[in-house]
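J.: Single-letter residue listing:
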Amino acid sequence: MNSLSPHTNLAVCLLLPNLERHPDKVAYLCAGEAVSYRQLADGVYRCAAWLREQGVGHGDRVVIALADSPVFVAAFLASNLIGAVPVPVSTALANENYQYILDDSGARVVLVSKALADLPAWSRTKSMICGERLGDFLPHALAVPIEAAQAGDDDLAYMIYTSGSTGKPKGVPHRHADFLFSAKTYADQVVGIGENDRMFTASKMTFAYGLGCSLMFTMLAGASAILNPGPSTPEQLLALIAQHRPSVFFAVPTIYVQLIRSVSEAHLDLPMRFCGSAGERLPAFVLDAWRELTGLELVDGIGSTETNYVVISNRPGAVVSGSAGIPVPGCDIRLVDDSGLDVASGVSGHLLVRCASNARAYWHQPQVSAATMLADGFIRTGDLMREEGGFYFHLGRSDDMLKVGGQYISPVQLEDVLRDHPAVADCAVVACLVGGLERPAAHLVLKPGFSAGAALEKELRAHAAARLADYMRPMKYAFHDDLPRNPSGKVQRFKLKQ
Amino acid sequence: MSVTIAALKELMLATGLDAELVRQLDPARPLIQQGVDSVDYPGFILAFEEAYGVAVSDADSLRLKTLDDFMNFVAARA
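In order, the protein sequences belong to chains A and B. Heads up, the first sequence is in this note's numbering, so the first residue is 1 and it goes up one at a time. Heads up, the second sequence is in this note's numbering, so the first residue is 1001 and it goes up one at a time.
Honestly, the hints are just simulated from the structure, not real lab data. Fair warning: there could be bad hints in the mix.
[Said to hold, decoys possible] Cross-link-like lysine to aspartate or glutamate pairs, in silico, EDC-like; alpha carbons within 20 Å at most: (1) A/LYS168 <-> A/ASP400; (2) A/LYS476 <-> B/GLU1049; (3) A/LYS476 <-> B/ASP1037; (4) A/LYS126 <-> A/GLU96; (5) B/LYS1009 <-> B/ASP1037; (6) B/LYS1009 <-> A/GLU459; (7) A/LYS497 <-> B/GLU1049.
Bound-form chain B, shown alone (with noise of 0.2 Å):
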């Protein structure tokens, strides 16, 4: 399966983020850094495990810090 940015922005919009925030995103850009917070991020990571079907470990929870980093996480699993 494939992921584009645009399409994870689309998924971080349904799980209630901030509509101008989601626009703005770097996908290079830890998210952190960008205003998602840390309600955001685990609602985030569970909604992006149910659209992949991919499951996130919790070390690799730390590791996926940028929308690149997920795109790429599903990419690699494809």
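In isolation and in its complexed conformation, chain A is listed as follows (with noise of 0.2 Å):
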């Protein structure tokens, strides 16, 4: 027997129906070792055990830097059912975003992945590091089922952090109830996803994207999901969908681009019902390659981190091709002009979503916030969309920001960066595209004394490469006598675009 309750906790509403129905059906496979429900629930309550006796208590936040793994969902869940905020970061930043991270959410507890153990910025927050195989976490605490917190309709129940247009990640919390409502929706009323599925997504469980499919909606169907600690590079997604067969997988476009140009042969076998896509721009022609090359189709959609999960989405079965497809239940769309009004079907125009998973609020950040959660309950999410015949088209974005791989980029972040050395006088990034997706590319003016050329190229991409994330590093690099201002000096980047 256990103790869960109430419901209306996310942990509860996870753990509880599988304990009750299957508690030794394979929950997650991963490096290795297979879980199963009842020993996932173990794991919740050794670590929720551990949690209470740091002190870690309603409310506080519990940075949770690790690779996918049971270990992730064990502390994930745990942190819920305490009442404490899990706040997923990714394994692969820089040590002082997580120093900046660690100081914005006001983190209690940080659980960190043995790779980052030696970084500085875990030594002034209480820390534990911990591995991956579930049976090795905290062997020695006590599984006693424990009373879940009460999670009132405001309670936070996870916090993921976005980049921000100034370059600093903003934290994007949501309630216990925003993915039972995604998982209402899109799973299950979209997609489809059931008891019977085997799941398995490229992008970690740190995004909003992956922690739906690999630990939301697996867990709400009563589903299994396969877990990758490693890096999402096609051989190790092929080695590992050969190996465990799953039935549907997610990834972003970028995924699907690198699969169809690691095949050699014209035909992949591949086991899954479907495949889904969201997170960046899903080309028609990446659609048609994929479906030639596997049989398969893509479900494109379009979300966000501030609306939870994906709020527009093709329907398996009736793709069309280009298009993000048609409103998820539940989710009411707009498109609007620069003063707020509705555009006629067939103009491009700035779309706003209002459904019952928006975040209310950024972390800490009233007027971003003011600015992007409208009073009447829309989210203003920065994308511009073309309706026609009820579906939707991605345009671009409406802001200076870059969707690269599923992951945003302020072109702040990259401008300081190539600032930083020695030839460049000014500078601005923008989207260029390569191959039907986005990439950065970055344009130049150099200082006195400094030529353009193949030599100084070279040296500014291995100064990118030294200062930034792989997928942040510009792809194209132009170089200008001056650069496009408007009358107030302000750089014009969409005529760089062009």
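Put the two chains together into one complex, using the hints given.
T.: Right under this line is the structure:
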């Protein structure tokens, strides 16, 4: 027996039905370990006990800097269970980013992957270094069922950081019911995730996309999932697919492009019943090439960390190539012009979304929150779209942010790095399309005495590679005498995009 | 214009790819299988277009998988 209650706590909603229905069913397959729902619950209880010993209580933030693994899931649910707020963060960040997130979130505790153990960021916060095997996680702690914390309508269940326009990440907190809405609408009604599914997602659980598929939708459906603690290389993904034969696979378009390019044969036989895509615009030619290679449909959709999950999606069996699809049930969609008035069908407009899973505010950012989370309940996503015949087509961003491989990039962050190079007097970073996908392009003005050329470009590439995450590295370097500016001196990035 | 595997490898080095990785590339195997990642690949395509004055369409960008493919792409347009 367990003492899980009440049912409004997200951890209870995820665990309890599975413990009652099929406690010995495998919930997770990861790096040679198969973890049943019962074993997962024991790991959750052990971690919850440890967190309480550290003084973690209701509303406290618990940063989870772990690779995808059953330990990640247990830490996340344990935090929920005691009313704390898990804050999953990527294991690929630089030390200063971890420090910023620890400070900004006011984390009480951080759980750290062994691979990150030596970073100085953890020195000022209570931390625990964790491996990936649940069987080795807190082996001496007692797995005693505990009473779940009450979860009210406004209580936070998790917070995910997303890139901000200034280069500093913003915390996006969500409540306990938010993923229940996304599971009921997108996972159940749109793509039909069920108990017999075996899920596999290339995106990590530190992103809302991966968190939804690998943790929330898997457990709410009583399904199983494959977790990959390593990098999502095509070789690794195809090996795990061959080994574990998932029924559903989710990834961002960049991953599908990589998979297509990695295969020499004309046909790739895969076990999935369908594949999902989100995180960045899916070009029609990628969808077509994937279907030609695998015979499988790519069901594309669009959402954001702020809306929690996908809010516009194609439907399996009825995919419209090049379109993000139609609204997910329960999601109100508006496309508006610059003055906030609805645009006519066929005209591009700013995407506004209202649904029950919308975040109500950014963490400690009232001004940005007011500009994004509007008083009427709609969220301004920053995407430009066009609607035709009820289907929505993504046209790009209405701000300066870039979306690369499913991750937002602020141009400011890249420009700061490039300006540190002794040859660079001024610069602007904008998106360019390479193979149909957005990639960063650097536009530079050089200081006197420096000349553009292959040698300098190579030096700039090395400079950026040493200071930026891989996906942020500019693909293209263009040299100018001056950058286009408006009368007040602001760089007109839209002119550089042309 | 003709192109050689050696010239393509030189181009890769100019875009900042690791010298040892480039040296070991098998021209007949997909580059992705040999460690050229999602960041290196588009950078190489852009450099390839500029160096050889060719346009790689979106669909072509998925068909150019090996160094041999890149070499044959230029040869077919000579």
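J.: Please go over all the hints and tell whether each is borne out by the structure.
T.: Each hint, compared with the structure:
1. A/LYS168 <-> A/ASP400: Answer holds: A/LYS168 to A/ASP400 is near 14 Å, not above 20 Å.
2. A/LYS476 <-> B/GLU1049: Holds, because 12 Å separates the two Cα atoms, which is no more than 20 Å.
3. A/LYS476 <-> B/ASP1037: Roughly 16 Å between the alpha carbons, so the hint for A/LYS476 and B/ASP1037 holds.
4. A/LYS126 <-> A/GLU96: holds, 17 Å
5. B/LYS1009 <-> B/ASP1037: holds, 15 Å
6. B/LYS1009 <-> A/GLU459: Holds: B/LYS1009 and A/GLU459 sit about 18 Å apart, inside 20 Å.
7. A/LYS497 <-> B/GLU1049: OK: A/LYS497 and B/GLU1049 at ~18 Å, within 20 Å.
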